[in-house]
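**Student:** Chains as they are written, first to last, in the numbering used here: chain G, 288 to 520; chain Y, 288 to 520; chain D, 288 to 520; chain C, 288 to 520; chain U, 288 to 520; chain W, 288 to 520.
Derived by calculation from the structure, the hints in this document are not laboratory data.
One or more hints might be untrue.
[Unchecked claim] Computed list of lysine-lysine pairs in DSBU-like fashion (alpha-carbon distance at most 35 angstroms, straight line): (1) Lys-313/D / Lys-313/W; (2) Lys-313/G / Lys-313/C; (3) Lys-517/W / Lys-312/D.
[What the hints assert, rightly or not] Chain W regions said to be covered by chain C (calculated; three or more residues, Cβ under 8 angstroms): (4) 332-340; (5) 412-423.
Think of the CB as a built atom: it goes at the ideal place given N, C-alpha and C, for glycine as much as any other residue.
6 protein chains.
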Amino acid sequence: MPVSADVLDALRHVTTATCTTVLLKKGLRNTWVRGAVPIAPGQPRTVGPAFTLRFVPYREDLAGPQSWSSPRSTRACVEAMPAGAMVVIDAMGDRQAGVFGDILCQRMVARGVAGMATDGVVRDSALVAATGLATWCAGRAGPPAVAAMHFAGWGEVVACGGVCVMPDDVIVADDDGAVVIPADLAETVATEGTAQEDLEEWIMEEVRQGAGLPGLYPPNEETLARYRAKRGG
Amino acid sequence: MPVSADVLDALRHVTTATCTTVLLKKGLRNTWVRGAVPIAPGQPRTVGPAFTLRFVPYREDLAGPQSWSSPRSTRACVEAMPAGAMVVIDAMGDRQAGVFGDILCQRMVARGVAGMATDGVVRDSALVAATGLATWCAGRAGPPAVAAMHFAGWGEVVACGGVCVMPDDVIVADDDGAVVIPADLAETVATEGTAQEDLEEWIMEEVRQGAGLPGLYPPNEETLARYRAKRGG
Amino acid sequence: MPVSADVLDALRHVTTATCTTVLLKKGLRNTWVRGAVPIAPGQPRTVGPAFTLRFVPYREDLAGPQSWSSPRSTRACVEAMPAGAMVVIDAMGDRQAGVFGDILCQRMVARGVAGMATDGVVRDSALVAATGLATWCAGRAGPPAVAAMHFAGWGEVVACGGVCVMPDDVIVADDDGAVVIPADLAETVATEGTAQEDLEEWIMEEVRQGAGLPGLYPPNEETLARYRAKRGG
Amino acid sequence: MPVSADVLDALRHVTTATCTTVLLKKGLRNTWVRGAVPIAPGQPRTVGPAFTLRFVPYREDLAGPQSWSSPRSTRACVEAMPAGAMVVIDAMGDRQAGVFGDILCQRMVARGVAGMATDGVVRDSALVAATGLATWCAGRAGPPAVAAMHFAGWGEVVACGGVCVMPDDVIVADDDGAVVIPADLAETVATEGTAQEDLEEWIMEEVRQGAGLPGLYPPNEETLARYRAKRGG
Amino acid sequence: MPVSADVLDALRHVTTATCTTVLLKKGLRNTWVRGAVPIAPGQPRTVGPAFTLRFVPYREDLAGPQSWSSPRSTRACVEAMPAGAMVVIDAMGDRQAGVFGDILCQRMVARGVAGMATDGVVRDSALVAATGLATWCAGRAGPPAVAAMHFAGWGEVVACGGVCVMPDDVIVADDDGAVVIPADLAETVATEGTAQEDLEEWIMEEVRQGAGLPGLYPPNEETLARYRAKRGG
Amino acid sequence: MPVSADVLDALRHVTTATCTTVLLKKGLRNTWVRGAVPIAPGQPRTVGPAFTLRFVPYREDLAGPQSWSSPRSTRACVEAMPAGAMVVIDAMGDRQAGVFGDILCQRMVARGVAGMATDGVVRDSALVAATGLATWCAGRAGPPAVAAMHFAGWGEVVACGGVCVMPDDVIVADDDGAVVIPADLAETVATEGTAQEDLEEWIMEEVRQGAGLPGLYPPNEETLARYRAKRGG
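Using the sequences provided together with the hints, build the complete structure.
**Tutor:** Shown next, in the form of structure tokens:
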């Protein structure tokens, strides 16, 4: 069952810091995409179900410009991307060749893709940023993907930045980077994360007023009572 | 079309050094599995069509002992391995957990598997060596695969040690490590490699007799004529 | 004996480039914190005696949200930080989890901490920047420290970015990054560094006017005489 | 409460592979010392409570031959090692200088130390091996520790090979490498590990007889019944 | 024969993304300088023949402030740099010490150097940026080059960011980073690159209008005919 | 002035551990070749003046089998190697392609080369070992050097395993690895190293007899007096 629009909406108000904290409390430590940072400052938090792509290392007989016309090409893959998806690209952390450039990104915008997260890099990076596609990546490089990678396909379980990503897991990405939320935990993270955001906002205000941390953060019973009184009262 | 038994037999007499040289002459530089070394000295050169497995990083809700009974487990995979295969395991180069231990290796021996090559490590390594399964790996570690990895499946194109491996590519492994030969180049490598081995053996003998390298290695026309006279005469 | 306020003040006018040059002349090559860069452009040069923290890798029985209430928690540690200190955090270079987030940083501001330098990363990074705490780190990540690390304590000799840091060593941090000055060398670096800054400013002006480097930089006796005449005259 | 001699004895019959599997079942994934391999083949499994040492990077004013006579030197530390201990050395994974050489190792043998495990390397390695001290390390190097490290002290919580080690945790080391068992889990690992070793030995025999893996490994109820009948009967 | 000014001019209008694509079509995959990114956003694309420098690791008896006055110093080297050159510095990827600071960069500007690309880092980075010298590097650090490196000389074939660079190869650097074009391929890259830029601009416009990728990118014969009609018509 | 045969002879009795200790006392920390280990156990300590080679990354238009016949090829280089030399190969630490194979090594043996040390790997490794050439390297790989590297030449200052090596520096290699001794320090290292070996042998004997370390190692005045009495008496 796909994650509901309501849950996705709620997650747009939960930071990746909070998402990872809630996931940790559920026993999941390894949900953070290493290496994926915002391509530009100020991108809004972006949320969507994962649409996965996978690359393997290049082999000269496979990875060349001729592969761009193959039915299993990145071009065909872009045409299969659903609106609202967060595209997740397993580039094996390779930073020598850009997985996507401006033309493909422009087409993704046209298709309504929500954003892109990869442990690899992009090319034509200034133009990619200009397309407005929300992008989390490990940097930029000139060479085309085929200079270093062979496209293996889409819609599979993949590795991205040291994390396992399954199709339809929920990706939340913001200034800190990107987190993978297993689909069946998304609602829990949305609910508990929203509550935690509210609590931490209140705690932050207390700290701004000069309160010390012991008993406040994490809150002890007395603090929680005070918080509930203020918020719920 | 699978690679013929004759070609596989011929490749058993061609070193990985020669295989990679012939592949380079055909324009393929990236065919060497980084990190896979013989688990024990003295293993014979081993050759077979690739049977591929793929791991992704662990996620606590997926990768635990319970996964061992899943229909998509490594156990089910072992039962699908054909006799004569070289099992190639994409462990993402992870050296913190052993992909396979002695029980699975013993079963692979029973099934007639030719050998195993991985960019990861094995566990119960002394017992693995005792099973007699020819093994190329990046070392050894105690923890089970599920401590660090989730098994994604088998029979796919995979990355192994920085190389693209497709099912039925031919793997040749010896003291130097392991090379991936694209299936449709296997016969060429067998033929040209055999010829090169013979030539180099003759050159080595010349060097042992005190000959200098210029004109000899690589051989100029005169040297080649001398070689042909000796060998073909 | 702690480093005097005068020396700290003087060091606020010496670049880290100059500090490391003076230290090199005293025989110290290894004083540069690898990986710590300014969290935001335009942070002023920040100087203070080191207050050290140390993390070790996580272990599930130790590193969890419950540890936040321990008497040896990062919370208790923040309450022990003296005004004016440069907080130095040994995160073993781990970039998978943020050592501190916005609430702790806000409290550090309230306590008058001068700044923070770490070979790790921060979380809630946009909010951390908003607290105004001068911060040098290796990037940002969503997960809480406990997802990857166990807090070992404070006030010890630590490793940070490949450098040994002792409590009360002086930290100078600016656009280039952060340098560790052993406490008993701080006065020397302040004095010689101030002189060198002045000399280099004069040399830079000469170069701007079109002078060539030989004899000028490094200055020979004649150049030094000219410099002294100009400055001292 | 220290771990009992009986538990230590029992663990001498449990492989590190089994120890890590039991720990994983208890929720601990991160217990494996990365980089520590046996210095020589054939070392017996070695078990003991951890005696921890910690190094930080060198600083020329601290780390020199003069430091060898300091009261906080590695020499003084060796004299504090109790008989039976497994010495665990946090060398920050540095492979450029040997933490210990033959003279210190010989003295450790004289003191009855059980063995040594480090994420660093040793020097005078042939002579170290000759002392008979059971050693797990990341290789060998000529330079003395002071060429790259400053000794910080002993008896603290340390990081070793990516794992948290507390004094008196139990270290088990064998052909696969070294595992850290939290002191309060040692008895559980000994008990459950012993049982698992027996079960796996029986399963291995079944596999040797030609049995397939499904239902056998991991064992289903029927298999377990058969096993119990055989062993317990 | 040096590359003509016309070719250099033409390359100023070809992105590094396009340069690497054309080079790939000619069989060259390894032309991308890993690690060199723009020191500041908005630097114009910079092109010039390579003037190469090479560093090796430091040795205390060679690499110290005294080396700055040597006839083989970086100072003498700067005075040998021709106007219009792209200075390429092999720093072995070392990020612990800045290859150049503001004074040397200011002098390079005075000499009319086009720009600088290195796999190392710079120091006095804010001041380097202020000189206006177009710079691609791997970051910034305070320590002087001699803290980590010994200057080996200039005008040789060097390694930079994993790429072979020969004197007078053409360097093109822009937002994505820097590419090395062998001198005898520069004209080809200029010609084919210019054509490709025009084609891709037209394709991008098509995509902006809503066109799908299959048949468009890469263009099939019909698309090419349409393009030619539009552009050539 | 080349290092004398007497000094080279004396160094054959000084371990690399002792050489690096003496060099450290002279202020040189960075003299250890990272990554170079003996290709086979039991190689005798090998000493000789450095004959340096340098590789840079491959470029398809330069690095191919055709380069083997170039006048600047590795073949021509082997013919220039003097008897007694320690060949030092800067392979940039690349482990994907073997710098040399059995034929070149056999020729080196014929020319009387003392040994070879590299931060790269060798190919045809079993055959290389069979030539009897004393070899220190970072492992083995099948592909020829040209698959990953372009040969830049010989007789230059090079980087090898993180160390600066100048032609005619003295290389000492043994079980622990390889150290670079600047030519003008070789005699000092031979003299002081010989003395230190004798002292440490005596200390080791004391430890074997049960002596504790304080006062013994490092020796205080009383210990030194006892030592001198024993040895000099």
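**Student:** Sort out whether Lys-313/W lies within 35 angstroms of Lys-313/D, counting only the CA atoms.
**Tutor:** 15 angstroms, holds
**Student:** Between Lys-517/W and Lys-312/D, does the CA-CA distance stay at or below 35 angstroms?
**Tutor:** The given pair, whose Cα atoms are some 43 angstroms apart, is violated under the 35 angstroms limit.
**Student:** Using a Cβ cutoff of 8 angstroms, are there at least 3 residues of the stretch 412-423 of chain W near chain C, or does the coverage claim fail?
**Tutor:** Violated, because only 0 residues of the stretch 412-423 of chain W bring their Cβ atoms closer than 8 angstroms to Cβ atoms of chain C.
**Student:** Check whether three or more residues of the stretch 332-340 of chain W sit with their beta carbon closer than 8 angstroms to a beta carbon of chain C.
**Tutor:** violated (count 0)
**Student:** Under the criterion that the straight-line Cα-Cα distance not exceed 35 angstroms, is the pair Lys-313/G, Lys-313/C satisfied?
**Tutor:** Between Lys-313/G and Lys-313/C the Cα gap is close to 15 angstroms, so the pair holds against 35 angstroms.
Checked against the numbered hints listed earlier, the structure breaks hints 3, 4, 5; every other hint is satisfied.
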